[in-house]
Amino acid sequence: MAGLIAYGAYVPYHRLARTDVAAVLGTKAGKGTRAVAGYDEDTTSMAVEAARGALALDGLRPRIGQLFLATAAPAYLDKTNATAVHAALGLDEHVLAADMAGSVRSGLGALVTAARSPVPTLTVLSDLRTGLPGGSDEIAGGDGAAAFVFGGHRNGAPVIAELLGHDTVSDEILERWRLPGSPTSRVWEERFAEEIYVSLTGKALGAALDQAGLDIGAIDHFVVSGLHARACATVRRTSGVRPEAVTPDLTGAIGNAGTAQPGLLLADVLDRARPGETIALVVLGDGAGVLLLRATEALTTHRGARPVAAQIAAGSAPVPYATYLSWRGLLDREPPRRPDPEPPYAPPAHRRGGWKYGFVASRCEKCGTRHLPPDRVCASCRSVDAMTDEPMEHVRGTVATFTVDRLAHTPSPPMLVVVVDYDGGGRFRCQLTDATEADAVIGARVEMTFRRTVTASGVHNYFWKARPVRTGETEGTDG
Amino acid sequence: MSSHGIRDRVAIVGMGCTTFGEHWTRSADDLLIDAVGEAVTSAGITIDDIDAFWLGTQASGVSGLTLSRPLHLQYKPVTRLENMCATGSEALRNACYAVASGAYDVAMAVGVEKLKDSGMSGLSGTTMPGAGDDSRGEITAPANFSLLAPAYAAKYGLSEEELKDVITRIAWKNHVNGARNPRAQFRKEVPLERIRSAPIVAGMLGVFDCSGVSDGSAAAIVVRAEDAYKYTDKPVFVKALSFVAGPADGLLDPAYDFTTFPEVVASAQEAYRQAGITDPRAEIALAEVHDCFTPTELVLMEDLGFSERGQAWKDVTSGAFDLDGSLPVNPDGGLKAFGHPIGASGLRMMFEAWLQLRGEAPPERTVRTSAERSLALTHNLGGGPGECVSFVSVVGSQLTD
Chain C
1 MAGLIAYGAY
11 VPYHRLARTD
21 VAAVLGTKAG
31 KGTRAVAGYD
41 EDTTSMAVEA
51 ARGALALDGL
61 RPRIGQLFLA
71 TAAPAYLDKT
81 NATAVHAALG
91 LDEHVLAADM
101 AGSVRSGLGA
111 LVTAARSPVP
121 TLTVLSDLRT
131 GLPGGSDEIA
141 GGDGAAAFVF
151 GGHRNGAPVI
161 AELLGHDTVS
171 DEILERWRLP
181 GSPTSRVWEE
191 RFAEEIYVSL
201 TGKALGAALD
211 QAGLDIGAID
221 HFVVSGLHAR
231 ACATVRRTSG
241 VRPEAVTPDL
251 TGAIGNAGTA
261 QPGLLLADVL
271 DRARPGETIA
281 LVVLGDGAGV
291 LLLRATEALT
301 THRGARPVAA
311 QIAAGSAPVP
321 YATYLSWRGL
331 LDREPPRRPD
341 PEPPYAPPAH
351 RRGGWKYGFV
361 ASRCEKCGTR
371 HLPPDRVCAS
381 CRSVDAMTDE
391 PMEHVRGTVA
401 TFTVDRLAHT
411 PSPPMLVVVV
421 DYDGGGRFRC
431 QLTDATEADA
441 VIGARVEMTF
451 RRTVTASGVH
461 NYFWKARPVR
471 TGETEGTDG
Chain P
1 MSSHGIRDRV
11 AIVGMGCTTF
21 GEHWTRSADD
31 LLIDAVGEAV
41 TSAGITIDDI
51 DAFWLGTQAS
61 GVSGLTLSRP
71 LHLQYKPVTR
81 LENMCATGSE
91 ALRNACYAVA
101 SGAYDVAMAV
111 GVEKLKDSGM
121 SGLSGTTMPG
131 AGDDSRGEIT
141 APANFSLLAP
151 AYAAKYGLSE
161 EELKDVITRI
171 AWKNHVNGAR
181 NPRAQFRKEV
191 PLERIRSAPI
201 VAGMLGVFDC
211 SGVSDGSAAA
221 IVVRAEDAYK
231 YTDKPVFVKA
241 LSFVAGPADG
251 LLDPAYDFTT
261 FPEVVASAQE
271 AYRQAGITDP
281 RAEIALAEVH
291 DCFTPTELVL
301 MEDLGFSERG
311 QAWKDVTSGA
321 FDLDGSLPVN
331 PDGGLKAFGH
341 PIGASGLRMM
351 FEAWLQLRGE
361 APPERTVRTS
371 AERSLALTHN
381 LGGGPGECVS
391 FVSVVGSQLT
401 D
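Top to bottom, those sequences are chains C and P.
Residue numbers for the first sequence follow the UniProt record's numbering, so the first one is 1 and each next one is one higher.
Residue numbers for the second sequence follow the UniProt record's numbering, so the first one is 1 and each next one is one higher.
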């Protein structure tokens with residue numbers, strides 16, 4: 001049986017209140033909040049966090065055959081971003097890692113490609129929506145990521161949602177577009193595309209239902225995603241599904257995460273769908289696409305470790321609008337009088353990729369001492385070259401001591417620094433993120449998260465930081 | 001123990017030290033020329049009488065040419081070395097060993113640093129090269145040393161407020177001393193409340209908890225002990241030189257608790273062994289210690305054996321380490337008030353020991369303990385909690401019988 005075998009979602013911790021935007025700019029106040037990637041996050045780091053959730057299932061990582069990263073806000077051009085995700089996840093070097101980048105519709109493309117693929121495929125949808133201050137992309141946009149593993153072909157993992165049918169319709173429409181380098185997209189008068197999208201959706205939905213041998217009334221969860229909010233609303237209202245099947249679009253709480261939106265909405269439905277229920281995922285944008293899935297019994301025991309609703313509920317108090325603007329590079333703040341941060345150097349970053357991207361430490365085979373970063377000589381018994389790899393990304397720890405560095409170079413001062421003692425041994429000093437000064441205390445529990453620490457000389461530096469374990473959250477991911 | 005020490009085998013017979021501070025009009029070359037000139041004059045010799053040079057600087061020059069070029073030294077050996085903030089002490093240690101070995105009759109140790117030209121806050125040079133993969137999570141020096149504060153408070157049951165009072169008093173004491181020192185960078189007493197309420201730099205540390213960023217240079221001339229009285233009536237004899245580089249596992253090993261520098265404990269014990277000291281608090285007349293940040297000085301009082309574990313904060317509060325206390329610490333103002341030009345600091349500490357043991361410190365700063373005790377200690381470290389290098393010297397005005 002082919003279908004979905006795992007999923008994970010990542011909603012960043014921070015929120016921006018739309019009323020704050022209006023208050024600062026003197027515009028009409030919108031309602032609710034949007035999710036905001038931290039100053040130390042981008043589509044690559046968010047993709048890693050979502051994928052870690054999807055790969056929490058024991059033994060799943062070694063079975064992944066290919067990885068696609070879909071985003072409209074790639075951290076790099078020319079250079080592949082999926083390889084950083086690949087490295088952070090510690091996937092085998094023979095696993096294909098490729099970007100599907102540039103358009104919002106690449107999320108649909110990655111999902112359909114994964115669903116059709118004969119090898120277990122990890123597909124990650126990640127997006128970071130930025131607009132000019134006060135513009136609709138800024139206010140209605142959102143940031144986040146979602147990851148899905150399709151497979152079930154001879155790999156032993158239980159299918160949690162069977163693929164019943166799918167279809168895509170492609171159409172070249174000048175509806176929304178953005179020139180490379182522009183911070184914001186432009187849209188045609190919206191009534192023009194509305195009718196087109198409704199018609200295209202009808203075609204795709206009809207074809208997928210025919211393939212599955214289902215009537216539209218059989219759909220239990222109707223997920224409609226797209227940046228054309230008006231067309232999405234019309235589709236929800238007029239497509240003929242039972243009204244109670246239409247799912248919430250979450251834009252009030254986290255905004256519309258573009259490429260990642262269908263993923264986040266699908267993950268949210270999977271968090272609560274019951275076995276046997278049918279899910280239709282509809283994606284509008286330069287055409288329409290439909291995936292029809294049916295939840296299996298296995299879903300109840302293999303849901304995502306961090307439900308979307310829980311991540312929404314765990315969001316921070318809204319960050320000030322000025323803070324958001326400076327994180328996005330739209331408001332330059334005075335830097336500290338310190339030397340500029342250095343970028344990572346390519347050879348050492350490559351030599352130590354297991355540590356830098358995978359957070360793989362070492363453990364002495366002779367005396368059992370853990371070393372972060374990995375060492376060749378044991379700090380305890382001084383054995384030489386008697387180490388085994390010790391993946392640490394899922395290991396939690398306790399703060400031994402801490403400081404707040406108000407002089408250090410950071411895009412969001414002050415820098416919080418903690419010395420973490422890990423459960424099971426080992427210590428590392430690192431930054432604390434998604435936190436306030438009140439979270440930096442001796443004895444605090446922390447877990448690790450993959451971040452973009454700084455961009456220096458045009459090079460992104462990715463590494464791991466600690467973040468507080470928040471009450472109500474379950475254990476994170478596993479290797 | 002196969003470390004033999006060179007107790008009483010060499011003596012310092014001349015020293016020089018520039019004022020430390022913001023030398024906008026003077027270069028590292030100028031500072032070197034001034035410090036070397038003063039040292040040579042005080043020993044009653046000329047630069048040509050010096051056989052070999054050890055120059056310490058962290059970021060103000062590379063190679064022996066850093067010294068030979070401005071002084072136009074005539075084909076003499078000059079070694080440039082670096083051991084982070086213990087660089088100046090390391091220059092002295094190497095010069096002393098060179099003379100003790102018999103290789104040279106007269107050696108000079110010089111330290112220099114020019115920090116203010118960079119326009120940066122704090123250290124501008126590389127303090128600790130990262131792995132190159134940029135995964136070390138570098139933090140600033142005050143943040144690094146501020147890691148001591150919450151750990152010390154938690155271990156010994158002080159509230160953060162109480163600990164802030166203690167470190168504030170350390171800063172206050174060193175400013176009182178620096179105010180009496182014409183060569184110090186900061187020459188004003190600072191009220192406790194102003195120190196306590198100053199803008200925060202890192203953790204619990206305000207700007208007055210940090211050593212001065214300054215320019216400066218200091219130099220010492222070393223000869224064999226038996227030759228010392230040819231140069232001066234008041235030589236200072238080297239009793240102990242102890243230096244260790246730690247295994248740097250405090251940031252790896254959860255057993256390290258951030259309330260001590262094991263490197264300092266090790267180097268102090270070795271120095272006391274070399275010097276034959278059993279009760280440093282009672283035997284030493286004064287100590288110049290590496291108060292880069294105020295919590296450092298607090299912890300050092302325990303690591304150097306001046307206070308029992310967990311008791312230094314009480315000794316600080318009671319004034320034991322004040323200028324008129326039972327063991328004056330940093331009577332010249334320390335790194336805090338004298339300033340901290342990296343490569344020069346270790347030799348600046350020795351300069352204060354030199355003045356005090358020879359009775360040449362100004363009366364308002366002369367420690368009364370020097371009337372009955374003839375030993376001084378200098379302590380100089382580089383790095384930070386969990387991974388550092390540490391130097392301890394003991395020097396004295398008398399030869400042991």
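Keep in mind that the hints were calculated from the coordinates and are not lab data.
Among the hints, erroneous ones may be present.
As the list claims (entries may be wrong) - Restraint-style ranges between C-beta atoms, simulated for each label pair:
hint	chain 1	residue 1	chain 2	residue 2	range
1	P	189	C	456	51 to 61 angstroms
2	C	458	P	121	24 to 34 angstroms
3	C	376	P	360	48 to 58 angstroms
Ideal Cβ placement from N, Cα and C applies to all residues, glycine included.
Hints versus structure:
A hinted range of 51 to 61 angstroms is violated for the C-beta pair residue 189 (chain P) and residue 456 (chain C), which are about 42 angstroms apart. Roughly 25 angstroms separates the CB atoms of residue 458 (chain C) and residue 121 (chain P), a value that falls within the hinted 24 to 34 angstroms. At roughly 52 angstroms, the beta-carbon separation of residue 376 (chain C) and residue 360 (chain P) lies within the given 48 to 58 angstroms, and the hint holds.
When each numbered hint is compared with the structure, a violation occurs for hint 1 only.
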